[in-house]
Amino acid sequence: MGEYMEIRLKSEDKKFESDVKKFVAENLPKDVARKVIEHRPLEKQDVGRWQSALHKQGWVAPNWPTELGGAQWSAMQQHIFDVVSSAAGAPRLSPFGINMIGPVLIEFGSDFQKERFLPKILSGEEWWCQGYSEPGSGSDLASLRTTGELHGDKYIVNGQKTWTTQAQWADVMFCLVRTGQSGKKQDGISMLLIDMHHPGVEVRPIITIDGGGQEINEVWLQDVEVPVENLVGEEGRGWSIAKFLLSHERTNTAGVGASKRELAHLKHIAAKEFLDGVPLIEDPLFRDRITKLEIDLMALEWTVLRVAAVEAQGAVPGPEASILKLRGTEIQQELTELQMEAVGPNALPYLPMSLEENWIGPTVGPNYATPLASRYFNYRKVSIYGGTNEIQKNIISKRVLGL
Amino acid sequence: MNFSLSEEQKMLKDSVDRFLEKNYSFDLRQSMIEERQTMSGEVWEGLAGLGLLGVSFPEEYGGFGGGGIETMLIMESMGNHLVIEPYVSTVILAGGLVNKGAADWQKQIILPGIIDGSMLISFAHMEPGSRFNLERVQTVAKPDGNNWVLEGQKSIVLHGPVAEKLIVSARTSGEVEDQDGVTLFIVECDEENLGGHEYPLYDGTRALDVQLNGVRVGPESVIGQLGKAMPLISEVVDHAMAAFCAEAVGVMERTQQMTLEYLKTRKQFGVPISRFQVLQHRAVDMFITLEQARSMAVLASGSLASTDLSEKKKAILAAKDFIGRAGRAVGQEAIQLHGGMGMTQELAIGHYFKRLEAIDLMFGNSQHQRREFAKLSNQEGPVEYVQPRKKWKQI
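Just so you know, the protein sequences line up as chains A and B, in that order.
Its first residue numbered 1, the first sequence is counted upward by one per residue in our numbering.
Its first residue numbered 1, the second sequence is counted upward by one per residue in our numbering.
Next up, chain A with everything else stripped away, as it sits in the complex (with noise of 0.2 Å):
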């Protein structure tokens, strides 16, 4: 009987793991990797100089047909990238651009679309921003208010959106408004490419409970014009190019890579800290809790590796990748807290200042305690964003369980 079904690393993947460690040692930035390790703000310039980098390899979108500039890696080469990368200290590259609208834009966009903006989400000239919750539609999504209608050859907008990350950063925003009112809820809906820098939007921040920087914003839309062919597919059909974006998304927020640095993190912190004289990691209760994320960190690779396999294939990633949205996040929100209690009282010290690069006044405690609550606070984020872990179970319990 032959050995088909294999889980040990080929050959040219073991080739390729050296490639990429050899590529990050070189070319990632040493001071962007510290900030990210240590859990220091990032500009936008950060970010910016690691995609440089990766787009003189080619290595900017994993995922995109290398024809279309992409990387084209199998699921497996995805893998060690995120896991080798992310160890490294590598930052996440925005994912609105790369691994949003970009496989949407590959599947639906028009030629004029492709040509215009592929290039530029590739290059990190234009970053972009995902315009789909409203105040009043969060989870019911369908609902949202913000209008487009037709006015000759173009599109005027109106309305608000909300929760929108990276809106202070983005060029463009991709985003779903109602040009119908007519049938379902769903059907009346678009997907329109805005210019941020065009009159009529305007980017207010919303400042978390986690006390750090802007990250996400209320986005205000009166009266922008948006040029029809900034239109994606057809009109009426943006709830489903929405649905294909969002289980792309799922795909991609495991995190798996980050979560095994921030595991190692956790054991270097909790090698360091003390509990009656001996390290915390010796803590049998402590250690039970690390061992058990730890087991729980595997099984989550493990099944992004089966998911990742069977999208390989050709097949688009089922309701399945829910499963790790759900997963990925948890598991997240786990290591912040195991960090965070790894210090004891000192994450009380509340000292974001003390974060930034050229500060020179006091810190308190050791400096790996400085972000963890912060970072704890701010994490809660993720099983809320993407489709909460609500909606998640509602669609794997209707779509897969037939519930």
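Check the hints yourself; a few may be wrong.
Pairs of lysine-lysine residues, derived as PhoX-like cross-links and limited to a Cα-Cα distance of at most 25 Å, are as follows [stated by the list, open to error]:
no., chain 1, residue 1, chain 2, residue 2
1, A, 30, A, 44
2, A, 10, B, 10
3, A, 292, A, 243
4, B, 313, A, 292
5, A, 44, A, 120
6, A, 243, A, 260
7, A, 260, B, 354
8, B, 314, A, 10
9, A, 15, A, 30
10, A, 56, A, 114
11, A, 292, B, 375
12, A, 21, A, 35
13, B, 228, A, 260
14, A, 260, B, 10
15, B, 228, A, 292
16, B, 312, A, 15
17, B, 312, A, 14
18, A, 10, B, 312
19, B, 10, A, 14
20, B, 10, B, 228
21, A, 10, B, 228
22, B, 10, A, 292
23, A, 292, A, 260
24, B, 107, A, 260
25, A, 272, B, 375
The following label-pair restraints were derived from C-beta to C-beta distances [what the hints assert, rightly or not]:
no., chain 1, residue 1, chain 2, residue 2, range
26, A, 135, B, 132, 33 to 41 Å
27, A, 380, B, 307, 55 to 63 Å
28, B, 307, A, 135, 56 to 64 Å
29, B, 271, A, 18, 53 to 61 Å
30, B, 235, A, 349, 47 to 55 Å
31, B, 22, A, 139, 45 to 53 Å
32, A, 227, B, 6, 27 to 35 Å
For the record, the hints were derived by calculation from the structure and aren't laboratory data.
Positions of the beta carbon are idealized from the N, C-alpha and C atoms, including for glycine.
Given chain A's structure and the hints, the job is docking chain B onto it.
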């Protein structure tokens, strides 16, 4: 990396599924348990007839030369049908010890017998005080001329009541928990000075406690090198753990199916209870747990052939821990979602739950696996954390 099955593997899975579907009903299982039967001779013959008892053995002894994945497929199906036949006991454990440790002439005698279904052997290793510690062997074998005399007790010998032979681990040197000094002996069950006491486990499997009161065996009964059995035992137990993981996935799969069917058909408040979101989410939790358990079972079985021993060990410990926790979660949830019906002996669901709990106890429960895993895992050096301290003035 490849998670798809070859044509041969698909055929193997199909043939086990079809055979058990037809020949191993829940009612048959329950009547066997009621009649204190350890196994069904007919089912065993059938499995032998399909060649399933030889899948994991080399072709030169009449086997098929299959690997971990083939065993995984068989075990999943066994779990699906809640089979209590001595597959792990005779084929994976005893057969594995012989195949990997015995001399060629011993294999010539034993393996064909296992493969054609005529020979049943159990592995008598655990002792009353050993808990989950494999090294803790107190039974001793003392030399007497060319022969050996065995003294000690063995407990919870799975499927022991039907075994014609036992493979008994005994200390030929060293202290109670030493790695070195353990030797394996083949002992005939009709041996004089061998006492036994048979009883059922809570999941319906039958087991034997064994008293060795000076059992005399010849030099030909030694398997492998004197005093060097521990690495062999550990390797074969890894195979058994991977097999149990796969079985548990099969048990969970059917548990989940039965629960979904129940939710869709049971009506309360005038609607099927599957309409209630709180129950839907609990069913989803079961599904998520099952899918991850499946990944871990693949990891365990796929790792058996690995040459990196530490990675292999970690994979198996992690899988057995995860699946232990998963089995408990899925089993408990299934009972809860079945309501009062889940509490009845009549329904299959409770028996699936009990099997999941029993699997957790095979060669170490979750807690034990995590303790062992932590020993290996902490050998990794922590990542270097470079952070220069900024100079600042005291104010």
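Here is what the structure says about each hint:
1. A:30 with A:44: holds, 16 Å
2. A:10 with B:10: holds, 23 Å
3. A:292 with A:243: With a Cα-Cα distance of about 34 Å, the restraint between residue 292 of chain A and residue 243 of chain A is violated, given a limit of 25 Å.
4. B:313 with A:292: holds, 16 Å
5. A:44 with A:120: holds, 16 Å
6. A:243 with A:260: violated, 29 Å
7. A:260 with B:354: Cα-Cα ~35 Å, so violated.
8. B:314 with A:10: Roughly 20 Å between the alpha carbons, so the hint for residue 314 of chain B and residue 10 of chain A holds.
9. A:15 with A:30: With Cα atoms ~24 Å apart, residue 15 of chain A and residue 30 of chain A stay inside 25 Å; holds.
10. A:56 with A:114: holds, 20 Å
11. A:292 with B:375: holds, 13 Å
12. A:21 with A:35: Holds, because 19 Å separates the two Cα atoms, which is no more than 25 Å.
13. B:228 with A:260: Measuring from Cα to Cα gives roughly 38 Å; hence the hint is violated.
14. A:260 with B:10: violated, 34 Å
15. B:228 with A:292: Violated: residue 228 of chain B and residue 292 of chain A sit about 33 Å apart, past 25 Å.
16. B:312 with A:15: Holds - the C-alpha atoms of residue 15 of chain A and residue 312 of chain B are around 21 Å apart, at most 25 Å.
17. B:312 with A:14: holds, 18 Å
18. A:10 with B:312: holds, 17 Å
19. B:10 with A:14: Cα-Cα ~29 Å, so violated.
20. B:10 with B:228: violated, 38 Å
21. A:10 with B:228: violated, 34 Å
22. B:10 with A:292: violated, 34 Å
23. A:292 with A:260: Status holds; Cα separation ~13 Å.
24. B:107 with A:260: violated, 45 Å
25. A:272 with B:375: Satisfied, since the Cα-Cα distance of roughly 18 Å is no more than 25 Å.
26. A:135 with B:132: 33 to 41 Å: violated, 56 Å
27. A:380 with B:307: 55 to 63 Å: violated, 43 Å
28. B:307 with A:135: 56 to 64 Å: Since residue 307 of chain B and residue 135 of chain A have Cβ atoms about 58 Å apart, the given range 56 to 64 Å holds.
29. B:271 with A:18: 53 to 61 Å: holds, 58 Å
30. B:235 with A:349: 47 to 55 Å: holds, 52 Å
31. B:22 with A:139: 45 to 53 Å: holds, 47 Å
32. A:227 with B:6: 27 to 35 Å: violated, 53 Å
Hints 3, 6, 7, 13, 14, 15, 19, 20, 21, 22, 24, 26, 27, 32, counting from the list given before, are not met by this structure.
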